[in-house]
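Protein chains: 2
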Amino acid sequence: MAAGYLAAGKAAEKATFEFTLRRLPANRNFVIMAGLPEAVDYLLNLSFTAEEIEYLRGLDQFRNAPPNFFEYLRTFRFTGDLFSVPEGTPLFAGEPVLTIRGPLIEAQIPETFVLSAITFQTLIATKAARSVHASQGRPVIEFGTRRAHTPQAGVLGARAAYLGGCEGTSNTEAGFRYGIPVMGTAAHSWVMSFASETEAFRQLQRLLGEHTIQLIDTYDTVAGARQAAALGAPLWGLRIDSGDLLSLSREVRAVLDAAGLHDAKIMASGDLDEYKIRDLLRDGAPLDAFGVGTQLATSADAPAMGATYKMVELDLGGIHRFTAKFSDEKTTLPGSKQIFRDKARDVIARSGECGNGEALLRPVILGGCLIEPLPTLEQARCRAAQSLARLPAPLRELEEAEQPWPVIYSRELRTLVEQTRLNLER
Amino acid sequence: MAAGYLAAGKAAEKATFEFTLRRLPANRNFVIMAGLPEAVDYLLNLSFTAEEIEYLRGLDQFRNAPPNFFEYLRTFRFTGDLFSVPEGTPLFAGEPVLTIRGPLIEAQIPETFVLSAITFQTLIATKAARSVHASQGRPVIEFGTRRAHTPQAGVLGARAAYLGGCEGTSNTEAGFRYGIPVMGTAAHSWVMSFASETEAFRQLQRLLGEHTIQLIDTYDTVAGARQAAALGAPLWGLRIDSGDLLSLSREVRAVLDAAGLHDAKIMASGDLDEYKIRDLLRDGAPLDAFGVGTQLATSADAPAMGATYKMVELDLGGIHRFTAKFSDEKTTLPGSKQIFRDKARDVIARSGECGNGEALLRPVILGGCLIEPLPTLEQARCRAAQSLARLPAPLRELEEAEQPWPVIYSRELRTLVEQTRLNLER
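Each protein sequence line maps, in turn, to chains A and B. End of the first sequence = 1133 in the numbering used here, gap-free, step of one. End of the second sequence = 1133 in the numbering used here, gap-free, step of one.
Derived from the structure by calculation, the hints contain no laboratory data. Just so we're clear, the structure is a prediction, and the values are computed from it rather than from any experiment. Some clues are possibly wrong.
No copy labels: a pair is met if it fits in one copy or bridges any two.
Claimed, not checked - Below, simulated DSBU-like cross-link-like pairs (lysine-lysine); rule was C-alpha separation at most 35 angstroms, straight line: (1) K721 with K972; (2) K1050 with K972; (3) K717 with K972; (4) K1050 with K717; (5) K983 with K721; (6) K983 with K717.
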């Protein structure tokens, strides 16, 4: 497409592309925007090496590419603008998430990378927020790197999970890179490497003191609890990773209480998700913390998100065109937009319109330069928590709410949609 | 755990860990092993930078770590052995996938990275093999990077999809890195950037000649087909990306045939997976190629795989212990193993046993060194195709077969399991 735009004399045209949340993933009443730093980093550093250009030159598809295309790539960088909703913002179906504006080719190329970077972290932050809601104030720790779709997804997923409300992660690389609290327990192999379970527990306690969490289900969960309890304090608590978590947690609680270890806590893990956490607590399981792995790291019940990256405006130098796609179910709306959020609803308006409430789409990159440092991860995490607390209670629940958050179009936007449709039909 | 092993005087003990496929993902009769190069690369280059060590030293969990632990990390590298099933091998429930053997700490640390690297690519290669089976010889192109869980997952997913049988990918970075054929079409924005659809089609045809694939659903699919057909050859064909693919493909075929373009092909895309491909072809849709995106890149119906990394042997210098976990549903089997595959079944045996058929677990790294270059991606792809062709036909189908591939344990392995269980109960 880039070579074709150049060949067709369209390199000087300026385009605006919009990343839009077409619909919410199943069961979700919102998503939490996350992943912006990766998109920004990509745009600020986008370029082509000599080896990459030679590779492209050798492809049959580029046989008829204009000769100046490869020279164009050699000095390519992104010189356009990025507007984005801040990380940590809840978003709803049909809303624009970010806008990229610049020379046509520069605004086209980022499509795939940006979609992948943002949709993944947004899915994970959202799943984390749901799990944290289900846990009713008890800490949820992200334990899922081993099931993430590549090790990089493990690191970035840990970041997104923290943004969405998790207390920490077992991914030490994410702790190193982003300052996220790292938490975890020894694995079954720790227990198996010692001659007895008691010896394994004693050695861990010596090392970790009051941070000690004994994993008690290597051989027999309740017997493991007794052995750990017999060692007494110091002890944070015990972790159960398999079996019937409801009945086992009650038995383990009884063992701890009988040993006078009333302050010792119980962490549950083992294929947990927001639904299982909710059910366990509803049934009265005496659990104090949750390690959530597979389901969180892959957003397993909704592993993908319907998002599009479509051209909404094109400036041909003098002639300005609003563009849209009206075919079938994949309709897109023309024109750069803004979201105004007040206490009761969102209004999607044309950019440049005045509106009430908070304007969500803000400039991040202008003329290829970052205009100010992005909010920190802690700030994004706070924004997520505060924004979620302000939503009507049914929207925070795990099931689809009867009343979705109201998202309406401004009169000006509706007029533009109709005009664009008429122009296309002409 | 590493600091604890050192503190407990266990640094010299030699451990064997096994990565085991606990169960097959839903609907799968096999998985295709993929992702080994990433695991190998990790093991060969594993080390800790000064900054990483300082980070760990500052964590509260390491407050009581033995003083020599951080010095140990400074010179840490993997000096052990890796045995693995080759990429492209179909595997079944309960089978060992790879074995890592070395000093306890060195064999423990790779757990999370290796699980994540292998399970992800294995899921994608498997999903690709199923899609390719459903397409009955028609090319399937991997189109899913935008939905992959991070851009890196897009690149590695494209690799795995090719290994599993896809013809190519739209991920150019994967083409550059791995030599995978790159294929794709212009996007809707290409069409939208021109004053008319006809002009957009004409410009693309000028650039791509007989490689031209016109995306015809920007405004109206059948009208788009007429415009593309009116331009005549050269043309590879048309792509439909939305709507009712069965009825639209018939209408579009009729348009092409009426224009005398009998050789022009039709590619379908738009939330396809193996089931939809099968149904479209069963209903007689005149489709010649499939672009599969979201469902493939996220293995959406089975986004995670139950795999474990457990200690199976421990050598304490003189004393040799076989280790296993017998608790509840997450039981593991002790001892290093081998898989012998003949025409009718797999036998899981103890390593060192003799057996009939192909021995699947082979040395890859010995003493920290790669013993020979890994098979190429093309070789792994061939192995996958040939191995699948040899499976009983029902196992290649999309639904769970009544008769799974027989996997049995050798007598020696069964004896070892019983002995280990008795020892633990003593």
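These are the hints, each one checked on the structure:
1. K721 with K972: Between copies only: 34 angstroms across, 59 angstroms inside.
2. K1050 with K972: Close neither inside one copy (39 angstroms) nor across copies (53 angstroms); limit 35 angstroms.
3. K717 with K972: Answer is between; shortest inter-copy Cα gap is 29 angstroms, intra-copy 64 angstroms.
4. K1050 with K717: Result: close neither inside a copy nor across copies, 43 angstroms intra and 60 angstroms inter.
5. K983 with K721: neither (50 angstroms within a copy, 39 angstroms between copies)
6. K983 with K717: neither (54 angstroms within a copy, 38 angstroms between copies)
Checked against the numbered hints given earlier, the structure breaks hints 2, 4, 5, 6 and satisfies all the rest.
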